[in-house]
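Please model the complete structure; the sequences and the hints are all you need to start from.
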Amino acid sequence: DQQVKQNSPSLSVQEGRISILNCDYTNSMFDYFLWYKKYPAEGPTFLISISSIKDKNEDGRFTVFLNKSAKHLSLHIVPSQPGDSAVYFCAASASGSARQLTFGSGTQLTVLP
Amino acid sequence: NAGVTQTPKFRVLKTGQSMTLLCAQDMNHEYMYWYRQDPGMGLRLIHYSVGEGTTAKGEVPDGYNVSRLKKQNFLLGLESAAPSQTSVYFCASRVTGYGYTFGSGTRLTVV
Chain A
1 DQQVKQNSPS
11 LSVQEGRISI
21 LNCDYTNSMF
31 DYFLWYKKYP
41 AEGPTFLISI
51 SSIKDKNEDG
61 RFTVFLNKSA
71 KHLSLHIVPS
81 QPGDSAVYFC
91 AASASGSARQ
101 LTFGSGTQLT
111 VLP
Chain B
1001 NAGVTQTPKF
1011 RVLKTGQSMT
1021 LLCAQDMNHE
1031 YMYWYRQDPG
1041 MGLRLIHYSV
1051 GEGTTAKGEV
1061 PDGYNVSRLK
1071 KQNFLLGLES
1081 AAPSQTSVYF
1091 CASRVTGYGY
1101 TFGSGTRLTV
1111 V
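Protein sequence lines, in the order shown, are assigned to chains A and B.
The first sequence begins at 1 in the working numbering and counts up by one.
The second sequence begins at 1001 in the working numbering and counts up by one.
Every clue listed holds true.
Derived pair list, reagent style PhoX-like, types lysine-lysine, alpha-carbon separation capped at 25 Å:
1. K37(A) - K71(A)
2. K1070(B) - K1057(B)
3. K1009(B) - K37(A)
4. K56(A) - K68(A)
5. K68(A) - K37(A)
6. K5(A) - K1057(B)
A few chain A residues facing chain B, derived, Cβ under 10 Å:
7. Y36
8. K38
9. A41
10. E42
11. G43
12. F46
13. F89
14. A91
15. A98
16. R99
17. Q100
18. G104
If you want the footprint, here are the derived chain B segments under chain A, 3+ residues with CB under 8 Å:
19. 1031 to 1040
20. 1043 to 1049
Because the hints were derived from the structure by calculation, they are not lab data.
Keep in mind the model is a prediction, meaning the values are calculated, not measured.
Ideal Cβ positions, reconstructed from N, Cα and C, are used throughout, including at glycine.
So this is what it looks like as structure tokens:
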């Protein structure tokens, strides 16, 4: 049973518009959430994270929102750029577990020029 | 700084053959992890290590063994490769906190 789910395998948006990527989780022990970005033939790279004590974290064009009651988080990219085209993975971890990351299946974002 | 280096980048194995994937990090990180990535499945944890000389099982450990004899190296072994082990393997490391540094991956095909 997947504890972290990304239900949209792909998303296409126009350059300059907002991209919204969604992620749901089932394990209530998760207390830290991260988004990773992955280009083909490269390893995932860290993008942005949020602790469960917050409901929003912003870093430049990237904002992550956390809704604990709904067990849902989302990544907003504004404005979207063609270089943002990549696979985005949502990940979660719980304390006391060697901080293992549990990943979602990923969303392929394509930003059209 | 090279970060996390994985060797080899590509490999084709015949069913039943064995091989070892090497992960090396030069950041003095305590924690190291091996993940596999399959289409539609995201990354799944195979084994991990919380320090030199320690290893532990992750979500999908069957068919794999690991060793962490030196702090900077984490080896993943396949004793008898099976087609189900065809995947892209990623190694990652971290010191404290939550940020992982990933290698660029090893693409393994078992025929």
